[in-house]
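Asker: Protein sequences appear in the order of chains H and W.
Following this note's numbering, the residues of the first sequence are numbered contiguously, the last one being 251.
Following this note's numbering, the residues of the second sequence are numbered contiguously, the last one being 251.
Treat the hints loosely; a few may be bogus.
Each pair may be met inside one copy or between any two copies, as identical chains are not told apart.
[What the hints assert, rightly or not] Here are the simulated DSSO-like pairs of lysine-lysine, each with C-alpha atoms no more than 30 angstroms apart in a straight line:
1. 180 to 15
2. 223 to 16
3. 27 to 223
4. 67 to 210
5. 223 to 99
6. 177 to 210
7. 152 to 42
8. 42 to 210
9. 42 to 223
10. 218 to 42
11. 229 to 99
12. 210 to 72
13. 210 to 152
14. 19 to 42
15. 152 to 229
What the hints contain is simulated information worked out from the structure, not anything from laboratory work.
Number of protein chains: 2
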Amino acid sequence: MKETYNLCQSMLSKKLIKDIQSLGHKKSRDESGFFIAEGPKIINELLDTIPEEVESMYATEDWVAKYSGNKNVTVISDVELQRISSLNTPNQVVAIVKQFIAYEPADYSFVIYLDTIQDPGNFGTIIRIADWFGISHIVCSPGCADRYNPKVVQATMASIARVNVFYDENRTWLQKQRKDIYAATLEGTSVFEESKTGSGILMIGNESKGLSDDLMKLATRKITIPRKGNAESLNAAVATGIILSHLLST
Amino acid sequence: MKETYNLCQSMLSKKLIKDIQSLGHKKSRDESGFFIAEGPKIINELLDTIPEEVESMYATEDWVAKYSGNKNVTVISDVELQRISSLNTPNQVVAIVKQFIAYEPADYSFVIYLDTIQDPGNFGTIIRIADWFGISHIVCSPGCADRYNPKVVQATMASIARVNVFYDENRTWLQKQRKDIYAATLEGTSVFEESKTGSGILMIGNESKGLSDDLMKLATRKITIPRKGNAESLNAAVATGIILSHLLST
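Extracted from the complex, chain H is given alone in its bound form:
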């Protein structure tokens, strides 16, 4: 199948390496309108679902040997991969992908609202959970991680292409909503006893501080996951998954 794509085997220029590396930083991502996705699993899925957004790819021979599409791929060495990768353990292929247009959710059934979720792994995992449960929108307070942080993208496992992630920069979005607003707290009604719903907003708080007071005031329902053991708290992404699995009507 090698005839079906352009195979460019070349040393990457210093400028190109620098340009790709710069996409590890929010400022460069914002200015360029691109982000980095890495690893065969995510990139193969992006190529399946949004091929037109994948701008360019840089991959080692292992990956190229298995690739049967018709996009341009630059073959690189392991050392070059190491240099352009944003991950601790680079994995065969790096793609430069066009950012998606984020928009304020107006017409929706269910939204996850994240308050200052800073850990990129948690944030990306929550995007993946939303995609699993068929939730199309996440709204983020200022202070959340950047959705195009390479570790966020990695944790979404390509769900980033299917979930609209909107940053509520002025913290005004929630106040305008008229649906039930559920707050995930350590003290509230057991989510096991909460009525199932097809519509509403679930607020998830910061990993160590929980939900901020101004958001908590907007909650119409306070819910909790009953604890039987001794852990002080649950990971924010795990809590999100558990609550959604009990709250959403099947």
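Use these hints to put chain W onto chain H, whose structure you have.
Answerer: Chain W only, in chain H's frame:
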């Protein structure tokens, strides 16, 4: 309160730095019988629950200023912290902690069995989930991450001190069990419809390959988390949390 503990302000010797750094590696941990815990949140909780196991602590002045216990603490600079820390973002304090004795669960109500869970964040998060739901034992197949890997310890948030993590080196433990063995799969009975139980074993498979065939054969119940959206899979820790929250009787 500074009079109540020994404050050793000294440059760490090269040998000591090397010894602490070596605990980032499984071999040195196994040989020494110690592991590293990092960060105020975990270390404060270890000091509360198992103070006698905390062998020594190295902390910057910020942390020491807030510490009111009577353990030896060596005050170190930010640069020294950076050198001895196993984390990308070191956080005020590093403790050397005695390893716990792991044992084969014989008498138990519920056990989580992990098949080749390799991501330390997932592994540690699952230990924390077990602790939240009051599960005292995790059994691991060979190929799981090491429970004392610094990133595992970090993700457990001190739950590592409360959950027995046993490595089933010969892969024989499961075969001897007579309780219900639940397999988490992508195709099975909906966990939303499964009867609640107070006893059994939940098998969770590898992040990308799922459960291996020999383990799957031992399953008495195959269960799944119904998907409504498009994500290909759920994170292993999130899946564990969701399944336990539906399966365990309250």
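Asker: Which earlier hints turn out false for this structure, listed by number in ascending order?
Answerer: Hints 1, 2, 3 and 5 not satisfied by this model.
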